[in-house]
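Assemble the complex: chain A is given as a structure, and chain B must be docked to it using the hints.
Single-letter residue listing:
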Amino acid sequence: MTPTIDPLILLLASIFTSNILLSNFLGMCSFISISKDLKAAHGLGLAVIVVMTITSIINWAVYNHILVFFELEYLRYIVFIIVIAAVVQMLEMLIERISPALYMGLGIFLPLITVNCAILGVSLFLQIRNYSIEQSAVYGFGSGAGWWLAILALAAIRKKVDAAPVPAGLKGPGITLIIIGLMAMAFMGFSGMLNVQ
Amino acid sequence: MVGKLLTISKENLWTNNPIFIQILGICSALAVTNNLINTTIMSAGLIFVTGFSNLTVSLLKHIIPRKVRMIIQTLIIAFYVIIVDLILRAFLPDISRALGPYIGLIITNCIIMGRAEAFAGSHPPLISLWDGLTSGAGYMGVLMLIAFIRELLGYGSIFGMPVILEGKLFGLWLIFPEGFQGWIIMLMPPSAFFLLGIFIWIAKTIMLKHKDKS
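Going down the list, the protein sequences come from chains A and B. Once you know that position 112 of the first sequence is 112 in our numbering, the rest is easy, because the numbers rise by one and skip nothing. Converting from the second sequence to our numbering requires adding 197 to each position, the first position being numbered 1.
Isolated chain A, as found in the complex (with noise of 0.2 Å):
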């Protein structure tokens, strides 16, 4: 059963009610190491948001046509991170042979998106709600938007905290757990907008 939700809304819904990091915890290890540098930040959410989009196409496809036609739904983790991997590594290749400028600034993050949870997360989320296609794109393109909204600010933000006084044992990742507590909780604000999970 697909469920009927617009497009747009679900466009939102992923980069703001239900931000994929700060209400469902995806992406944590990179978002914390990457986060001190602005610049850095802000290529590796470039870097999610386009295998995001294109992970999830082809997750749904490979799902939808190849794994449940063969009846091998089980298989599903082994094939969505093999896909990633995949895509992860053509990417690489693609963008170093047409653009080196944007591989200098985009393709030393790649490979550690492969490892990034956000981006398995979003394939195993669009099959549990059996999005249709035109959905998965849309969310796929959302939450990796999300995500590099959510980095961009944190970055932003830990340029300040640096330079304020916080006790010792708080330093490095305690002070960013709380601060990424606060902006959860400045997101809830958006909560009662859009009601789509």
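Treat the hints as calculated values from the structure; they're not laboratory data. Please note that a few of the clues may not be correct.
The list that follows gives simulated cross-link-like pairs (lysine-lysine, DSS-like), each with its CA atoms no further than 27 Å apart [said to hold, decoys possible]:
1) B:Lys264 x A:Lys171
2) A:Lys171 x B:Lys406
3) A:Lys171 x B:Lys258
4) A:Lys160 x A:Lys36
All values reported here derive from a predicted model rather than from experimental measurement.
Coordinates of chain B only, in the frame set by chain A:
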């Protein structure tokens, strides 16, 4: 041998705890912790996967070509995750549904990959198995602590058993004369971030003091 096992246990449970110190694998740590039952099942699954993928990687370390080791390790991990997923679906269908995608996301949990890469690739099989199991246990300890606080304050229960009845703790001490009202924020995402942040703070402060002394 026993001494080495003890050192590994101490490292994985405390001085090099995957969550407090290495900040690895916290995605799932936060998502499932508003409920102790789900947390227990999830961490048990993770301990199983970490232990056995470490064992397998260690057994195969001379056969796997270095260049493709990452993808092979991922496939080994995915294999064990599928086993966990199928077992949960067969025996605990409700919990399997509640955990949703987070069981599948054990695959990308950086703890497992990290242990396979940092330990199992260069140590004998049985020690690697032990290292995987204790790393998983270190992860479980932190998760259970967070889940305990979130469930107690959010639902007023422990393992789904209500402990605050008619405003009385264990039905004995009256602590909420007006009746207990669940602390909603404890069930929502932000509290997980706050609690983990505070726990890391406490753990680090203790360790810094320890370092000063020695």
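- Message: Flag every earlier hint the structure violates by its number, smallest first.
- Response: Checked against the structure, the hints that fail are numbers 1, 3, while the rest are satisfied.
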